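Participant: Sequence:
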Amino acid sequence: MPNVWLAAGEKAASLDDLVSGVDDGILIDGRGSYSIDHQRYNFQFGGDAFREIKGGKVGAMIADVAYQSRTPDFWQACDLLGDQTTWQNVGLNRDGKGEPGQINAMSHGCPASRFRGITVIRTE
17 MPNVWLAAGE KAASLDDLVS GVDDGILIDG RGSYSIDHQR YNFQFGGDAF
67 REIKGGKVGA MIADVAYQSR TPDFWQACDL LGDQTTWQNV GLNRDGKGEP
117 GQINAMSHGC PASRFRGITV IRTE
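Heads up: the sequence shown runs through residues 17 to 140, numbered per the working numbering.
FYI, nobody ran anything at the bench for these hints, they're computed from the structure.
Hints are supplied without guarantee of correctness; some may be wrong.
Quick list of simulated restraints, FRET-style, between CB atoms [to be verified]:
1) 120 <-> 73: 32 to 42 Å
2) 28 <-> 116: 40 to 50 Å
3) 89 <-> 63: 17 to 27 Å
4) 71 <-> 117: 37 to 47 Å
5) 104 <-> 37: 14 to 24 Å
6) 101 <-> 72: 15 to 25 Å
7) 116 <-> 63: 23 to 33 Å
8) 49 <-> 22: 33 to 43 Å
9) 121 <-> 46: 11 to 21 Å
10) 28 <-> 117: 32 to 42 Å
Predicted, not measured: the structure shown is a model, and the values here were computed from it.
Even for Gly, the Cβ is constructed at its ideal location relative to N, Cα and C.
Start from the sequences, fold in the hints, and give me the full structure.
Facilitator: The following block contains the structure:
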């Protein structure tokens, strides 16, 4: 598995800019649980921290959240990428694929990103 990065958006867009365009949503930070099929088509991901977004403002923390989608639908739902100031790189110690599972050091990086119409579930 190669290192995978999503380039920052070309126009200025801070995290506040992304959030201000959301009436009702969830801000997901970090990498949590995941499940993805062998063809990398259907998936479910969690995060490390979750906060409500109401009326374009970040609100209270919430727990036990995941999002689900099909890969092409997910990328088509991305309507705004944050600029370079929002970009983060995260090191990982395994890539979660293969049978038996593979253990490979790698990294993934991306800017803050906004997606619309993605299925969000409670995992409790």
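Participant: Does each hint fit the structure? Answer for all of them.
Facilitator: Evaluated hints:
1. With their beta carbons about 40 Å apart, residue 120 and residue 73 fall inside the hinted range of 32 to 42 Å.
2. Checked against the given bound of 40 to 50 Å, the beta carbons of residue 28 and residue 116, roughly 45 Å apart, stay inside it.
3. In this structure, residue 89 and residue 63 meet the distance hint of 17 to 27 Å, their C-beta atoms being roughly 19 Å apart.
4. Remark: the range hint 37 to 47 Å for residue 71 to residue 117 is upheld by a beta-carbon distance near 43 Å.
5. Between residue 104 and residue 37 the Cβ separation comes to about 20 Å, which falls inside the hinted range of 14 to 24 Å.
6. A beta carbon spacing of about 19 Å between residue 101 and residue 72 agrees with the range 15 to 25 Å that was offered as a hint.
7. Range check, residue 116 to residue 63: Cβ separation about 27 Å, and the 23 to 33 Å hint holds.
8. Remark: the range hint 33 to 43 Å for residue 49 to residue 22 is contradicted by a beta-carbon distance near 21 Å.
9. Taken as a hint, the range 11 to 21 Å holds for the pair residue 121 and residue 46, whose Cβ atoms sit roughly 18 Å apart.
10. For residue 28 and residue 117, the Cβ-Cβ distance of about 41 Å falls inside the hinted range of 32 to 42 Å, so the restraint holds.
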